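> Here is what each chain is made of, one letter per residue.
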Amino acid sequence: MNDVEVNKSLFLNAHNLSRPTIPLLRVKGISKRFGNVIALDDVSLDIYDGEIHALLGENGAGKTTLANILYGIYQPDSGYIELSGRKIKLGTPQDAISYGIVLVQQYPMLIDKMTVAENLALSIKDLGYLSSVRKIYGLIREISIKYDISLEPEMIVSNLSFSEKQYVELLRALILNAKILILDEPTTMLTTYERRKLFVILRKLIDEGRAVVLITHKVSEALEVSDRITVLRRGAVVSSRPKSEYDYNELVKLIMGSNVNDVTPVKYIHRQRSAPPEDVLVIKELNVANDIGLIAVRNVSLSVKAGEIVGIAGVSGNGQKELAEAIVGLRRVRSGRIVLSGVDVTNKEPYERIKNGLAYIPEDRLKYGIVGEMSVAENFILKNYKAFSKLLFINMRKVMDFASKNIDLYHIVTRSPLERAKVLSGGNIQKLIVSRELGLNTKVVLAHNPTLGLDIASAKLVHNELLNVRDRGAGILLISEDLDEVIKLSDRILVMYRGSIVYDVSRDKLSIGDIEKAMLGLLNA
Amino acid sequence: MPEVRLLRRYEVSNKLRIATYIVSFILGVILFILVEIAYGADFNDILFKLFIKPITSYEDLKVTLRYFIPVGITSLGLLITYRAGIYSIGAEGQLVLGSIFVAWVAYSFASLEKPISIVMALLAGVLGGVMWALIPGVLKGFLNVNEVLTTLMLNFVAYSLTDYLIYGPWRSPKSFNFPLTEPLNESYIIPTYMGVSIIGIAIMISLIVIINVIIKYTSIGYEIRAYGYNPAAAYAAGISPRKVALLTFILSGALAGLAGALQLTTVHYRLGPKPWSVSESLGYTSIIAAWLSRLEPLAILPASMLLAMLINGGLNIKASLGQPEGIVNLMNGIILITLVATEFVLNYRVVIKLR
Amino acid sequence: MDVDSFVIGNFIYLTLKNAVPLILASSGEAVSERAGVINLGVEGSMLVGALTGVITTLITGNVWLGFLAGGLAGLALALLHGLISVLFGGNQIVSGLAIAMIGGGITALVGRAYVGRSLFGLRPPPIYPYEVPGPDHLKPILSSVLKQDIMVFISIVIPLLITYMLFRTKLGSAIRACGENPVIAESLGVNVITTRLVAVGLGGFLSGLGGAYLSLGVVGSWVENLTAGMGWIAVGLVPLAMWIPSRTLLTSYLMAALISTSYMLQGRIGVSSYFLVMIPYITTVVMLSIVSIERFKVRLGAPSALGKPYIREERLG
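Chains as they are written, first to last, in the numbering used here: chain A, 12 to 536; chain B, 5 to 359; chain C, 10 to 326.
Because the hints were derived from the structure by calculation, they are not lab data. Warning: the hint list may mix true and false statements.
[What the hints assert, rightly or not] Cross-link-like lysine-lysine pairs, in silico, DSSO-like; alpha carbons within 27 Å at most:
1) Lys-156(C) x Lys-247(B)
2) Lys-247(B) x Lys-397(A)
3) Lys-66(B) x Lys-19(B)
4) Lys-124(A) x Lys-148(C)
5) Lys-19(B) x Lys-433(A)
6) Lys-220(B) x Lys-409(A)
7) Lys-433(A) x Lys-247(B)
8) Lys-208(A) x Lys-157(A)
9) Lys-247(B) x Lys-409(A)
10) Lys-433(A) x Lys-317(C)
11) Lys-254(A) x Lys-229(A)
12) Lys-220(B) x Lys-39(A)
13) Lys-100(A) x Lys-357(B)
14) Lys-378(A) x Lys-247(B)
15) Lys-220(B) x Lys-378(A)
16) Lys-397(A) x Lys-220(B)
17) Lys-19(B) x Lys-98(A)
18) Lys-247(B) x Lys-359(A)
19) Lys-247(B) x Lys-366(A)
20) Lys-220(B) x Lys-433(A)
21) Lys-247(B) x Lys-401(A)
22) Lys-416(A) x Lys-220(B)
23) Lys-220(B) x Lys-401(A)
24) Lys-66(B) x Lys-366(A)
25) Lys-148(C) x Lys-378(A)
Keep in mind it's a predicted model, so treat the numbers as computed, not measured.
Using the sequences and the hints given, assemble the complete structure.
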């Protein structure tokens, strides 16, 4: 930990020389634990007005925890926060807002069924509880025009695109007159064009004397827009300096620390096929409605062959969730067909699909992937508990052996196979799911954002397993919001936009520019 | 100024779980005692009537055991539905229907001899309970209709059905205008040993063992537990919600109906109006016993014994103070609410900082 | 049975009256459920409200104070549910059930002294205390409306006001946000605990008021278990009204019309009155099943977080 010490002193010096003024926000010695996990360890940093301050680190480095503490969602176990030199207490988001600190969360935190104005009204303290929401329509329009954001107050949030939702969050921060805006990974789901537009707005904001904290795991992004970069690793600050003092390679090293050797990439070998293999998943003219009854998947037709990975790229909220749920059987389809290995399973129970070799790696792991209250061992047999039972009785010894074997094989960190599954970390839960799903007699895999929120090592393992199961002859439909992931893994790439497949290209002909255009709906299929 | 902070608990040890549980139960009993004292009861007398008399006096012990059996069997059935995350409160109606079916068989086949008559009676009770449970079961399984409301509505319907029978076609001409049915034929009465239904207790204990095995060691139990903890994941994993709803309702209906059959054939021998009816609100009391057991089949034994004691004690207090029937309800409600309130201790940790 | 204007008048009179407790209780429950809290204790709140209404009216001699006290008593019991299920994060179903039991038990105990006590001269007066004008054959129908008390009309206005509150004001947005997703609501700046308590409290107040109307306005005295399942039916009407308070007017009048019909048919047709008593319960089951059929379901506005306890990450208290 010597380098940490050195960097801390460097940071103090730099600060003393170049910045004689008091920082707008000073975080001092913040620590936070969740159960046995240390999320933040003695974190200190200074944030100045008129600056974009990048908080850089890989998943699980503690960035989001820190953001939640600054926004009053979590309370630190120790340490304190100063605003313009005054100690402040952030007990709730309301406290944070009253001090001018506003968080724009990674996934827009808005109530889908309500309008833009209704969502925003909830944050406006001056609006009386019994006043009409209409009173703020004017204000919303005014600010939208000022920052060139095209939103109307009576729009229902569920009809908005991802970037529009993000603008609602920004509007919220502006209506609250935020002095410090914290943006948590705001660009993950944005296309290049949308990203640029966002950065223009952020520049405008700091020119008005605000401070922006940009949380990101992308080194290039931090170097592109920020004025100052703080690197977090495993909950601790390893460096905090003006941007000009860094270069790309140094930042990568700082982020990864001793793990730097772990980043050797997965070998993404794309096989040459000899004979044309059969279609294992065929979807014909599928129409699926969303939760409020509107069509979310529009006339989608696609097929996946054995031994092939088909990736669906697209900005979140363009019907991917509904498509995935329809394929697995969690959502009824309005019209169209879903055929698994030649068997029509349209609107059949999930059981019929599993029987025909469908494996599912869900986006929402805790909701669809595991039964958190049951033991790790019991979760290993969730899909095929019948294979472990004889005359209704489950052979627990067999289950335990199976679980222990998989725990070793996939390096799942757990105190015991009998521990409740919900206490595992996100990465270990995903390993459990992947090992269970791909270990079965799998012919088709539906993987929906399979590496979302995972640390690099776990993500790598998931990618490897997907490639392995493909090489064993399974067909994989990969639905992912992470364009890099889709491009890395897929043999064929589709783009989904407003419920339709608008782009379809094989790996050897792909153009990233076209894909991004398609994701924005700027390309005609 | 001291600062009080509530912190979220992430893990709860079993020791704490059980301790808060016991404390909350005691708290519930104390609250009830306080209400009674406010209504003129004497503290020592209440304690005696609630906890000592129901198990020490032989006459009272018999009564306690008379509640113990139906509450144990019925709450065991409810436990299965609660394990599946299905909130049936319909045991009351299912128990009533069980007793109606038994009476129907007994009046229709009055000449049957033991033991066939008894077997028929118990089967009829089971059938009645299952049929009544299948209504909410099918509605839940096929249309996902809220079972809390349907089961409750059906309890009222079951009461009215009994009223219709006892005031109407089944009313005994010899009952001096009381709305009572004819007593069961001798061949339909299950013998007791010194006033205690050994057969009933044996049935209850063997059922507890069987259900315990089903829930913990079989694939059916696995499905029920997985569905109860996380219906979405269970469904995605191929477990049929329809099967779980039907299965749990059938099992719980069967047990409630069986309890109704035992009530009629060992205790009441005839149908009558509330409060002399077969159910005696035991279907509701069983809900509390099920929660008191923390949905652990083996714990049904002590839980239903405790509740049987409390009902007996509560009724004794009621009788001596001339209080209304609803007093047992009040006791049940207070105990149930203190049991739910334990969640507070299990969800939060209170930290007080002095500064 | 001959249907003449007297029968029609009687039917309208009974229906308007019987609907009041249902409207109040179910529109209140709709608010509570919109905030994500099922309160099965409505029956208990109604009973407590009914008894408190009677006692207060007898003591003060003022029926309006009786209504107020009834509402407050319902509120108090509902807040106990709020304490357990909202603040403590306990199981809403079990807590509500316990509340219903406690309400039933405590009123049985306390109410014993008031059973059969007459409220003569203390009941709410009709809005038109004079001789009803008009031709004879219309008189019964006119008086079925004009002889109602003011609460019948207030009970029509209340769901409309609540609906405005729920769908037009900031408070309404906050309540619905808590019912859709409490975590997001909290992050938007809503105090979920307080908002849910307000919604549960409002629901309890209206249930208590409905109960008080049952004893003071409809029956005119206290009897043990006066509501006889009315509170449960009110809870059942909420999904039928698609969680929109103004629509509880429709469902409540429908149910009240059924109840009035079954009263009026007792002893007049060849069906045992015990079967007529079942009608409201069976109707509720049937209607709940119909609205649960897939093709109707999508349009239902069931709050997404209904019944789910919200346990805040950390709280300062």
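> A separate judgement is required for each hint: does it hold in the structure or not?
Evaluation of the provided hints:
1. Lys-156(C) x Lys-247(B): 54 Å, violated
2. Lys-247(B) x Lys-397(A): 15 Å, holds
3. Lys-66(B) x Lys-19(B): 34 Å, violated
4. Lys-124(A) x Lys-148(C): 49 Å, violated
5. Lys-19(B) x Lys-433(A): 20 Å, holds
6. Lys-220(B) x Lys-409(A): Within the cut-off at roughly 16 Å; holds.
7. Lys-433(A) x Lys-247(B): 26 Å, holds
8. Lys-208(A) x Lys-157(A): Distance ~14 Å between Lys-208(A) and Lys-157(A) Cα, so the pair holds.
9. Lys-247(B) x Lys-409(A): 26 Å, holds
10. Lys-433(A) x Lys-317(C): Measuring from Cα to Cα gives roughly 18 Å; hence the hint holds.
11. Lys-254(A) x Lys-229(A): 14 Å, holds
12. Lys-220(B) x Lys-39(A): 51 Å, violated
13. Lys-100(A) x Lys-357(B): 15 Å, holds
14. Lys-378(A) x Lys-247(B): 21 Å, holds
15. Lys-220(B) x Lys-378(A): 23 Å, holds
16. Lys-397(A) x Lys-220(B): OK: Lys-397(A) and Lys-220(B) at ~15 Å, within 27 Å.
17. Lys-19(B) x Lys-98(A): 40 Å, violated
18. Lys-247(B) x Lys-359(A): Within the cut-off at roughly 15 Å; holds.
19. Lys-247(B) x Lys-366(A): 17 Å, holds
20. Lys-220(B) x Lys-433(A): 20 Å, holds
21. Lys-247(B) x Lys-401(A): Satisfied, since the Cα-Cα distance of roughly 19 Å is no more than 27 Å.
22. Lys-416(A) x Lys-220(B): Holds, at about 23 Å.
23. Lys-220(B) x Lys-401(A): 14 Å, holds
24. Lys-66(B) x Lys-366(A): 55 Å, violated
25. Lys-148(C) x Lys-378(A): The given pair, whose Cα atoms are some 63 Å apart, is violated under the 27 Å limit.
Hint check: violations occur at hints 1, 3, 4, 12, 17, 24 and 25; the rest are consistent with the structure.
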